[in-house]
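K.L.:
Sequence:
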Amino acid sequence: MFTAVNKNNELMHRRFSEVSSVFTTRLHTLNGLFSLCALTRFIRENRISHLMIHTGKIAALSILLKKLTGVRLIFVKHNVVANKTDFYHRLIQKNTDRFICVSRLVYDVQTADNPFKEKYRIVHNGIDTGRFPPSQEKPDSRFFTVAYAGRISPEKGLENLIEACVILHRKYPQIRLKLAGDGHPDYMCRLKRDVSASGAEPFVSFEGFTEKLASFYRQSDVVVLPSLVPEAFGLSLCEAMYCRTAVISNTLGAQKEIIEHHQSGILLDRLTPESLADEIERLVLNPETKNALATAGHQCVANRFTINHTADKLLDAI
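Numbering (my numbering), first residue to last: 63 to 380.
If you're looking for bench data, these hints aren't it; they were derived computationally from the structure. Some hints here could point you the wrong way.
Listed next, the in silico EDC-like pairs over lysine to aspartate or glutamate satisfying Cα-Cα at most 16 Å (straight line) [what the hints assert, rightly or not]: (1) LYS254 / ASP202; (2) LYS254 / GLU273; (3) LYS233 / GLU217; (4) LYS139 / GLU107; (5) LYS233 / GLU336; (6) LYS139 / GLU180; (7) LYS240 / ASP256; (8) LYS181 / GLU217; (9) LYS233 / ASP331; (10) LYS240 / GLU263; (11) LYS179 / ASP190; (12) LYS274 / ASP190; (13) LYS146 / ASP175; (14) LYS240 / ASP190; (15) LYS318 / ASP170; (16) LYS318 / ASP331.
Work out the full structure, taking the sequences as your base and the hints as a guide.
P.N.:
Okay, structure coming up:
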């Protein structure tokens, strides 16, 4: 397998080189069109039969590559966005051989009133379990650690999570909140101001980007995904569950395709600071429930949402 990544993107090069051979080129210049000749030559020399893309920004390039080399074009859909019907997007639909949707939710939204529905398949995302090897690492028993891992951006609803922990800390001083991830600088500054204004700085920390996610999850008592918009999947939930950490989210998006409420995690129909605080409090008071959710969550992901499951289903779909 080969992966094309943009030149100078050291992070993507490092990540993909662990699982494939990496070819670097200028994908961000004129949506990759400057790389047409180099990619055409690379595809022919390596006898590549399938071309998989994950963004519409390089769809025009990919269609040209299909015409020039005869590859089968696969387009993976990661967003809960209705299918567009203008000429350009109809051209993409016509020339793409298969669309892969990362959840039932994405599939339903993409295929509504879509004349190319027969080209669409559902293949859930999966985690690389090699990044989360077995470990005896556990949360610090002196605290009850609530955590979030992902983009720090407005649609993630982190204000609700912070306020929920502020509410809980008044009653349970062992509560602490860790937020891992990079994101919008202005939004990050706003959150930090809110934390300071509420007096929560002693127990709320911004961890920044971390590659040691396994330790981050295992050192947490519960991981929360409080998104304000529908999630296309929820990979961070799967990662936390596989690490035997309890999870809480809402029913807005594809989270309900991963979590079975009160079996492998907790789902809230309406996530507010108060409702979230109530659910976290139940886990504070009932460690047996927390541990049972964590164990069931691990088994759920191991059985359904690993990269091996994804690969097998993807091969069937394409």
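K.L.:
Hints first: check each against the structure and report whether it holds.
P.N.:
How the hints compare with the structure:
For a cut-off of 16 Å, the pair hint linking LYS254 to ASP202 is broken: about 24 Å separates their Cα positions. Proposed proximity of LYS254 and GLU273 is contradicted: the alpha carbons are some 22 Å apart, above 16 Å. Annotation: proposed proximity of LYS233 to GLU217 is violated, straight-line Cα distance about 28 Å (limit 16 Å). Distance hint between LYS139 and GLU107 is unfulfilled; the C-alpha atoms sit about 28 Å from each other, more than 16 Å.
The suggested pairing of LYS233 with GLU336 holds, with an alpha-carbon distance near 13 Å, which does not exceed 16 Å. This hinted pair checks out: LYS139 and GLU180 have alpha carbons roughly 15 Å apart, not beyond 16 Å. Distance hint between LYS240 and ASP256 is fulfilled; the C-alpha atoms sit about 15 Å from each other, no more than 16 Å. Between LYS181 and GLU217 the alpha-carbon distance is near 30 Å, which puts this suggested pair outside the 16 Å criterion.
With a CA separation close to 25 Å, the supplied pair LYS233 and ASP331 exceeds the 16 Å bound. Annotation: proposed proximity of LYS240 to GLU263 holds, straight-line Cα distance about 11 Å (limit 16 Å). At roughly 30 Å between alpha-carbon atoms, LYS179 and ASP190 are farther apart than 16 Å, so this suggested pair is violated. Distance restraint check for LYS274 and ASP190: the Cα-Cα separation of roughly 14 Å lies within the 16 Å cut-off, and the hinted pair is therefore satisfied.
Between LYS146 and ASP175 the alpha-carbon distance is near 11 Å, which keeps this suggested pair within the 16 Å criterion. Using a Cα cut-off of 16 Å, the hinted pair LYS240 and ASP190 is violated, with the two alpha carbons roughly 23 Å apart. For the hint pairing LYS318 with ASP170, the CA-to-CA distance comes to about 14 Å; that is within 16 Å, so the pair holds. A hinted pair counts as satisfied when its Cα atoms are at most 16 Å apart, and LYS318 with ASP331 qualifies at roughly 10 Å.
Hint violations for this structure: numbers 1, 2, 3, 4, 8, 9, 11 and 14, all remaining hints satisfied.
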